[in-house]
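Participant: Let's have the full structure, built from the sequences with the hints guiding it.
Going line by line, the protein sequences match chains V and P. Every letter in the first sequence is one number past the one before it in the working numbering, and letter 221, counting from 1, is 221. Every letter in the second sequence is one number past the one before it in the working numbering, and letter 286, counting from 1, is 1286.
Honestly, the hints are just simulated from the structure, not real lab data. Among the hints, erroneous ones may be present.
Stated by the list, open to error - Residues from chain P shown here face chain V by an in silico Cβ test under 8 Å; the list is partial:
1. Arg-1090
2. Asp-1200
3. Leu-1207
4. Arg-1302
5. Arg-1304
As the list claims (entries may be wrong) - Derived CB-CB ranges, DEER-like:
6. V/Val-230 with P/Arg-1302: 51 to 57 Å
7. P/Trp-1153 with V/Arg-146: 40 to 46 Å
8. P/Ala-1246 with V/Arg-140: 39 to 45 Å
9. P/Gly-1159 with V/Gln-147: 52 to 58 Å
10. V/Gln-70 with P/Gln-1287: 45 to 51 Å
11. V/Gln-237 with P/Arg-1199: 41 to 47 Å
12. P/Val-1140 with V/Gln-147: 35 to 41 Å
13. P/Pro-1141 with V/Glu-148: 54 to 60 Å
14. V/Glu-78 with P/Val-1301: 56 to 62 Å
15. V/Glu-143 with P/Trp-1153: 49 to 55 Å
16. V/Gly-142 with P/Pro-1155: 47 to 53 Å
17. V/Glu-78 with P/Ser-1264: 55 to 61 Å
18. P/Val-1301 with V/Gln-147: 30 to 36 Å
Ideal Cβ placement from N, Cα and C applies to all residues, glycine included.
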Amino acid sequence: MAMADAMERPEATRTGGRPFFSCRNVESYYGESYIVQGVSFDIAENEIVALLGRNGAGKTSTLRTLARAQEPHLTAGEIWLDGQALHSMKAYQAARAGVQLVPEDRRIIPGITVEENLILAQTVEPRGWEIAQIYELFPRLGERKRQEANTLSGGEQQMLAIARALARQIKLLLLDEPYEGLAPTIVEEIEKTMEVIRRSGITTIIVEQNALAALRIADSAVILDMGEVVFRGTAQQVLDSEDLREQYLAV
Amino acid sequence: MDPNALFLQLLTGLQLGAIYALIALGLTLIFGTLGFVNFAHGALYVIAIYAAVTVAANTNFLLAIILVPALLFAIGVAFERGLIRHFYTRPHTDQILITFGLAIVVEELMKWIFGANNIPFTLPEWGSGLMVFYSDWSAVPAVPVFQEAPSLWVPFIEGFVTYQFWRVVLIAVSLVTVAGLFALLQFTRFGLVVRAGMRDPEMLRFLGINIAQKFAIVVGLGAAIAGIAGVFGGPITQVTPGVGMALLVPSFLVVVIGGMGSLSGALIAAILIGMALSFSAEIANLQQIVVYLIAVVVLLVRPRGLFGKKGVFE
Ligand SMILES: Nc1ncnc2c1ncn2[C@@H]1O[C@H](COP(=O)(O)OP(=O)(O)OP(=O)(O)O)[C@@H](O)[C@H]1O
Ligand SMILES: [Mg+2]
Chain V
1 MAMADAMERP EATRTGGRPF FSCRNVESYY GESYIVQGVS FDIAENEIVA
51 LLGRNGAGKT STLRTLARAQ EPHLTAGEIW LDGQALHSMK AYQAARAGVQ
101 LVPEDRRIIP GITVEENLIL AQTVEPRGWE IAQIYELFPR LGERKRQEAN
151 TLSGGEQQML AIARALARQI KLLLLDEPYE GLAPTIVEEI EKTMEVIRRS
201 GITTIIVEQN ALAALRIADS AVILDMGEVV FRGTAQQVLD SEDLREQYLA
251 V
Chain P
1001 MDPNALFLQL LTGLQLGAIY ALIALGLTLI FGTLGFVNFA HGALYVIAIY
1051 AAVTVAANTN FLLAIILVPA LLFAIGVAFE RGLIRHFYTR PHTDQILITF
1101 GLAIVVEELM KWIFGANNIP FTLPEWGSGL MVFYSDWSAV PAVPVFQEAP
1151 SLWVPFIEGF VTYQFWRVVL IAVSLVTVAG LFALLQFTRF GLVVRAGMRD
1201 PEMLRFLGIN IAQKFAIVVG LGAAIAGIAG VFGGPITQVT PGVGMALLVP
1251 SFLVVVIGGM GSLSGALIAA ILIGMALSFS AEIANLQQIV VYLIAVVVLL
1301 VRPRGLFGKK GVFE
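Facilitator: In structure tokens form, the structure reads like this:
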């Protein structure tokens, strides 16, 4: 993959009438509890979607369902990515099909180095950025490549989590609260990374507590409430509608 | 103490430790990576010794060295795929029950096929004879029995002592196996994936890695080590269906003393237990007590064992 900032951002495109990504009536359970309750939406290629909603609305659960985690487990519905049926895959197969989840709590593997975390991401095809390219984008990670990964600061861990996803070839990037718990200066740094992701045209779903921050980079938005989609539209529509924001986002 | 007797007791301690280490290594590897308590590990050893004695008797010993660990690897993988993976998230008590049951089935099966009595396990020619340890070669009589096996100069003994060569082979094999396993886990991509998988299997799946398959290989490796133990330990321990259970108990103790899931802990604890058994040999009835006494003392001082980590088996 070429260095991202050298590229023009491609326009969001629909391919042959079939959406690039699509989920239809997706339902999933944590054990016995019904969490994702029939979620449907489409995403065009290169589109960035902000997935919003209050605490407990089911944002994390939705991302984990799409990434085919064991829990919450999918019980109904279809998930399609670029013609591939994610709903009949396991998590590792979905990852090979191009889904990359950057989880809420970052999930940096402790006990191994920064570089080993990146090497793990490149164990299986298809790979994305070379490790050298990653260090160019994140010089801080390059400086600390031999450091034990769990000794990184929160911001550095978030960078590593994103870098680790970029080390794989991505068709759909799922970012769960990338700014959570980070100091404003670090947030700025991560936002720069987001800009790189945006320009390289990676199709992305970004979940954020801070709806305004997410809407700044997103093309469109999906709002969840009680495990259901209550709004699908452009980012601008959410920014313009006080009703929507008051009712579902508490901003 | 007489230096020659001391030296022999050290060797005996190492040799006992070597066999416990091989069994405990597989146990602790499977526990450390999968959190699974495998009480059928002794049964794998039983399968290994019968396979070894059969192959060695019908073809030759070198073939057994290759075939038996390979066979046990396959059994281990099948065992993981067919049974234990369904028990990863179940309580340890369920895991113990199911594997203990399996061990009894294997023991009875072997009794049925091979009988309950000890089958003689003939050593290969290259492995028989006595190894001579000497400080003064001129003290060693020039008789053929002392020329068959290698000899080694040791500074502090008086004159010379002899020790069954095969037991030295067992010690060496055990050390090489421990070093090999350590290197595999520490210095290869496979090892990195397994170590990371111990910490966060789900994240590895999100990175496209089929960690379940790696875990099956880990169980296969643990079983293959039991296979190595069977080929090299069989001629020393005994070839009976009950030997698996007899070895499992002290080996499990070794795992607990070393710290559940710790490879280096298992090695050190195995040597410790081996030495304790060797040096308490004169007080025959107290031998078992000494082992448990060590376990009690270690666990009182360090409840997680020598190298146990927080959060493991808790
Ligand atoms: N492991 C779990 N087991 C059972 N229920 C869970 C589990 N994780 C989440 N839930 C429940 O699922 C619902 C949705 O949670 P989820 O984490 O998806 O919300 P969220 O929108 O990501 O919230 P937040 O903004 O706080 O991160 C909640 O009611 C939560 O209690
Ligand atoms: Mg969440």
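Participant: Hint by hint, which ones does the structure fall short of?
Facilitator: The structure breaks hints 1, 4, 5, 8, 12, 17; every other hint is satisfied.
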